[in-house]
Amino acid sequence: MARKGEGIRISSETTAPAVGADAAPAVELHGITKRFPGVVANHDIDIEVRRGTVHAIVGENGAGKSTLMKILYGMQRPDEGSIVVDGQAATFHSPSDAIGRGIGMVHQHFMLADYLTVLENVVLGAEGLHGIGAAARRRIKEISDQYGLGVQPDRMVEDLGVGDRQRVEILKVLYRGAHILILDEPTAVLVPQEVDELFANLRELKREGLTVIFISHKLDEVLSVADWITVIRRGTTVASVDPPSVTARELAHLMVGSELPVPELRESTVTDQPILQVTGLTVRSPEGRAVLEDVSFTIHRGEVLGLAGVEGNGQAELVEAIMGMRPIDTGEIVLAGKTVSAWDTRRRRDAGIGYIPEDRQRHGLLLEAPLWENRVLGHQTTRPNVKGPWIDRAGARADTRRIVSAYDVRTPGIDVLASSLSGGNQQKLIVGREMSGDPVLLVAAHPTRGVDVGAQAFIWDQLRAARANGLAVLMISADLDELIGMSDSLKVMLRGRLVADVDPQTVTPEELGSAMTGAGDSADSADSAESGEATQ
Amino acid sequence: MSATLAPGPETVSRQRLTGLTWQTTALGALGLILLLSVVRLVTGADDITSSGTTAAALGLAVPIGMAGLGGLWSERAGVVNIGLEGMMILGTWCGAWAGYHWGPWAGLVAGAVGGALGGLLHAIATVSFGVDHIVSGVAINILGLGVTQFLSVLAFEGEPGGSTTQSPPLKDFPTVSLPGLSDPLHTLEEKGWFFVSDVAGILRGLTTNVSLFTLIAVILVPATFFVLWRTAFGLRLRSCGENPGAAESLGVNVYKYKYIAVMASGAFAGIGGAFLSIVAAGIYREGQTAGRGFIGLAAMIFGNWRPAGLAAGAGLFGYTDALQLRRGGESVHALLLLVALILVAVAIWHAIRGRPKAALIAVGAAAVVFVIFIPTNSVPGQFTSFAPHLATLLVLSISAQRLRMPKADGRPYRRGEQH
Amino acid sequence: MISRFDPRRLLVGLAAPVLAVLFAFGITSLVLVATGHNPFSTLSTMLDHAAKPRNQVLIINLATTYYLSALAVAIGFRMNLFNIGVDGQYRLAAMLAAVVGGAVHLPAVIHVTLIVLTAMVVGALWAGIAGLLKATRGVSEVISTIMLNVIATGVVAYLLTPEIFAVPVAGSNNIGTKPIPASGQMPGLPLIPDTPSKVFGFIIVAAIAGAAYWVLLERTRFGFDLRATGQSESAAVASGVNVRQMIIYAMLISGAVAGLVGMPQLLGDSYQYSLDFPAGLGFTGIAIALLGRNHPVGIAIGALLWAFLDGASNILDFQGIAPEIVKIMQGGLVLSVVVAYELVRRYRLAAEQRRVGRALARTAAEPEGATA
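Residue numbers (my numbering), protein chains in the order written: chain P, 1 to 536; chain F, 537 to 955; chain V, 956 to 1327.
One chain only, chain P, in its complex shape (with noise of 0.2 Å):
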């Protein structure tokens, strides 16, 4: 998918405006150590950005990009090693410091105030430059005509989407006037067509003479808009490479050491026996406005189906819905041939479905509790957690102790508390635990977001193992590749309606983001068999 190569080596040549070829590094990273309770964030690390181009960090999960950006950005201190910035050394205290020299951040998690508006989020900690009022809201209108950003000042950022959140905190970099933007996996909640737009907004802003550093763990993006590529990993620089020079494979052995693991299904196991039935599925938020609409399909036995979408139409509430923690307006959910609607959560539960929650540390844990405890978590009715109204202590322990084993959670023990382990653990841990007890029904949201690629392939082997089983999965996923490749089958929701159904076996990433954003009416993408359904 690196068609973009050429485009890149032409902009490399054109780059070098005022500032000349000889200039110092925009950035210079030497020896950066920093060391966190228990583990070693990022260790030697030796990294140099040229001016006036777009330099990507890539690495996987849990590799220490981040504690790096945080580092250069002044959110964290390194604990050895320097930071030269423009040729002169630099100490951040704080982001402010690192604001002072030009550097602006991009964050992963958008760094917005929802109850604030556009232009109060964008002024805040730089009201001297243009005061709060009329003359921000015109430098604001300014820089977004500028670059094309497309950005209302007086809207609330609790009513915007993603791609415009991302906008906004783009143009809250440049507000400040910063020339060094960090982007820290800016492409992770967009869909191809709008991680083509950031590329187009990127490579503005090298025109101008700007200089990005960009994070990623998706390689294939990174060599379609990098000048250069740096490789992290466990926490140190491994190699440092031109893009047109090495492959998307080579670059993953860079890596992580090996190939990258490839979501994929082998033969179908889809029997005809329906395990989930949603039929006419709506629910309304509390002010009224339909969330989910008319929602229906159904799940087979043995069957994945992967539900496609951006952040925010609908995906949330329909997890939430099947789960019994969203009352429904209309509509049915059967599972297994009995009508659950009208069950709470809990009994559901109990009828076999096993939950793998979005946020896994919010939803899926208790962080202050042991492993243990974890596991009785989400089954405190069925054995071996408890006897009657009591809670089989020995039982529980002992069942932790075969899942820390068969799922590879790395731990000393099942007393340490949940928050001591990494993502990934975690993670393996919440999957062993909802794959206990035979489930008929799994619901998964991002099963591997955020995780390692070691946890990774290992999740993707026990879903697999499980379809293989019988188990029927409802999977919802941000990333394409995942969600093409372990689905039986796929739809995609918009505005809280299912909008198409698509054949995994055929389509492409680029067309499943054209469906996922309403864009050509999906109708040369998708297959049509229900795209009378389309209607907005």
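Hints may contain errors.
[Unchecked claim] Per label pair, the in silico range of CB-to-CB distance:
1) 1305(V) - 280(P): 50 to 60 Å
2) 938(F) - 296(P): 31 to 41 Å
3) 1234(V) - 280(P): 53 to 63 Å
4) 401(P) - 966(V): 21 to 31 Å
5) 461(P) - 1316(V): 20 to 30 Å
6) 1316(V) - 759(F): 49 to 59 Å
7) 1130(V) - 285(P): 24 to 34 Å
8) 158(P) - 1301(V): 52 to 62 Å
9) 398(P) - 1136(V): 52 to 62 Å
10) 938(F) - 995(V): 55 to 65 Å
11) 200(P) - 938(F): 39 to 49 Å
12) 1093(V) - 155(P): 26 to 36 Å
13) 701(F) - 1130(V): 23 to 33 Å
14) 1148(V) - 826(F): 41 to 51 Å
[Said to hold, decoys possible] Stretch-level coverage of chain F by chain V, calculated; a stretch enters the list once three of its residues show a Cβ under 8 Å from a Cβ in chain V:
15) 669-678
16) 808-818
17) 826-833
18) 910-924
19) 928-940
[Claimed, not checked] A short list of chain F residues far from chain P (calculated; beta carbon distances all over 12 Å):
20) 563
21) 569
22) 570
23) 578
24) 583
25) 702
26) 722
27) 730
28) 752
29) 765
30) 767
31) 770
32) 788
33) 865
34) 904
Note that these hints are calculated values from the structure, not bench results.
Even glycine gets a Cβ: it sits at the ideal position worked out from N, Cα and C.
Using the hints, position chains F and V against chain P.
Relative to the frame of chain P, chains F and V by itself:
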């Protein structure tokens, strides 16, 4: 500089939150007076709109409103402050102590300082040490009471008129009146005319013999609005209550703003306390605050974390409090009729909006209140004493779900620990 | 590798309250010195006071009441519910229980049981209002319970009038409910030697309540759900806990225990609810629950400490020291203890992460990417 007005987003968001504009607010106030006038004529409870009641309500609303402002400052920066009561207690004592020695103005300042010291403690515990906000607040309430009890023994015992639980009498602030209004309004009020006399009574209460302290307190409400919503400082402070991580990432020193906010919060509560001892009672007495810090907090919640709303809430509680002092049984009884009428109005509104179920519930509630109202002539004194508290409970249970508090309110925050 | 009973954990856990007590004592000493008193002689006076058997009975009896109050608060705390309303709950409960107890004549055990059950039901219902408002209307229980306290005061004052329940108290101009006959009284226990004073018989009920609290929270499914809700409401919801229902249950249980708070006094000493029935015990309970970190044993120690300080304050007057100094010590104690616990909690989390990191680094000698 930063005072440049930004009317666009503000009006938009305020309408979003409450659907209120100045016109509808004024209309609502007029309607309320009209209702009160009807109730007065029906029940003969003249005190419900008299100048005396209004003046008392204003005086009683001041400490509640100051505590509410304190809550607003703190919670807008993300720190829940249930320690307002303790800070208010510190304010009553410090105000009385300084007021006794150096006069009322010194008392005002000392009240603010005393409250701010309580706020400082709360900030240390919650901001620096990350203690649960409610827990810290409870501890400060205990400490505030203990400290003042101890200090009273040292400072007031043996002074003329003082004892271990109360201060000597204090000198009051001067009062002001709008010249030339009092007498004509008084004449009008005495006529007992429908609506006209009610308006006259209310206006007279608000413009005659008003303490300078009250004036200052009233001015602090719009001043707070200006500072928090129209200045860069205010934006930064509020951002700490909405998304401190975002604020930090933009170079805002979140700890600093939280400290300032919580100390200001304490100072406001302390001013409210000083008002109680210097103006309202003219003496410091143990237990003088009687939970007004908590009611202030409730007024702020009722006001949806906004200055104008909390002023309305404080006014409501001040009014119910005032009624029970002025022929309480009869006046509060008359208030029942008002409640019934308002419920009927609500029912009509629901019916127009096409919500028959809500309308029916409102009619039912109105009927219940009415049934209580008809056969009785008065409400027992013990019940009138908690009228403001019952009102708080009822109002919150009707409105709590429509309110929107700052998004990160009450959440512990630690520097550099974002996502 | 990390054992369940790590002595170091225990030590760190104990360090917090001990340090907080020392800190609070330090502050109090400063105040004493500043006002011209010797802190050590003050302390020894207080200890001498507590060494007398008669005073020990008083301290234990006071602590029994405090214990129940703190237990009621702690049930809410474990679920992140702040039942500030124990004060109103126990007063209303004690008064109505006294009315019921004074109105009937029954065999001894049944009579006492009836009184206690009445108190628990009244306490539970009064607390249940706050639970219901939170679960159905989203009203913060902090505000609603504070308002309910004041309303309870008004209701008690209304009911305790000669027109309704009150009768004159013999030998004074006080009024109270009709005294409970002997069959409804609970005999004291001669636990402390060398004194005729007896410990409240209700101490047995308090001890049972403490044990039941522990079993309920630590060993039952219900307790697990309750604690899970307290630790992370969102995770509890996803795990199938009906949080609204739990809020109501927790408030009902908390209120029922709050109903017990007035019982030691009512059944063991005053036998009627009069105007001078002890008030404010609910707030003391909050402080003690914080001191004891919601643990039944910790609460017991906290209750004894608090009662000791209260008892000692009486003796200080004779030394020319304002007894209110004890209030400062108590307030300082609560504040420093909550800070200390938070610091220890953070230290523990970080220490655990370090330990897990070290342990994994040792085992990671074998290649890690092996799973891929």
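Now the hints, each set against the structure:
1. 1305(V) - 280(P): 50 to 60 Å: This hint holds: roughly 51 Å between Cβ atoms.
2. 938(F) - 296(P): 31 to 41 Å: At 33 Å between Cβs, range holds.
3. 1234(V) - 280(P): 53 to 63 Å: The hinted range 53 to 63 Å holds for residue 1234(V) and residue 280(P), with Cβ atoms some 59 Å apart.
4. 401(P) - 966(V): 21 to 31 Å: 28 Å, holds
5. 461(P) - 1316(V): 20 to 30 Å: Between residue 461(P) and residue 1316(V), where Cβ atoms are some 26 Å apart, the hint holds.
6. 1316(V) - 759(F): 49 to 59 Å: 58 Å, holds
7. 1130(V) - 285(P): 24 to 34 Å: 56 Å, violated
8. 158(P) - 1301(V): 52 to 62 Å: For residue 1301(V) against residue 158(P), whose Cβ atoms are near 32 Å apart, the range 52 to 62 Å is violated.
9. 398(P) - 1136(V): 52 to 62 Å: For residue 398(P) and residue 1136(V) the Cβ distance comes to about 56 Å; the hint holds.
10. 938(F) - 995(V): 55 to 65 Å: 58 Å, holds
11. 200(P) - 938(F): 39 to 49 Å: 43 Å, holds
12. 1093(V) - 155(P): 26 to 36 Å: 27 Å, holds
13. 701(F) - 1130(V): 23 to 33 Å: Because 24 Å falls inside the window, the suggested range holds.
14. 1148(V) - 826(F): 41 to 51 Å: Given range 41 to 51 Å: holds, Cβ gap about 45 Å.
15. 669-678: Since 8 is at least three, the answer is holds.
16. 808-818: It is violated: at least three residues are needed, and the segment 808-818 of chain F offers just 0 whose Cβ sits closer than 8 Å to chain V.
17. 826-833: Per the Cβ count (3), the hint holds.
18. 910-924: As far as the segment 910-924 of chain F goes, the hint holds, because 5 residues have Cβ atoms under 8 Å from chain V.
19. 928-940: Satisfied; 7 residues make the cut.
20. 563: 25 Å, holds
21. 569: 33 Å, holds
22. 570: 32 Å, holds
23. 578: 39 Å, holds
24. 583: 41 Å, holds
25. 702: 45 Å, holds
26. 722: 46 Å, holds
27. 730: Answer for residue 730(F): holds, closest chain P Cβ roughly 41 Å.
28. 752: Residue 752(F) is indeed farther than 12 Å from all Cβ atoms of chain P, at 27 Å.
29. 765: Residue 765(F) is in fact no farther than 12 Å from some Cβ atom of chain P, at 10 Å.
30. 767: 8 Å, violated
31. 770: About 9 Å separates residue 770(F) from the closest Cβ of chain P, which leaves it inside 12 Å; violated.
32. 788: About 5 Å separates residue 788(F) from the closest Cβ of chain P, which leaves it inside 12 Å; violated.
33. 865: 41 Å, holds
34. 904: The assertion about residue 904(F) holds, with a minimum of 27 Å to chain P.
The structure shown violates the earlier hints numbered 7, 8, 16, 29, 30, 31 and 32.
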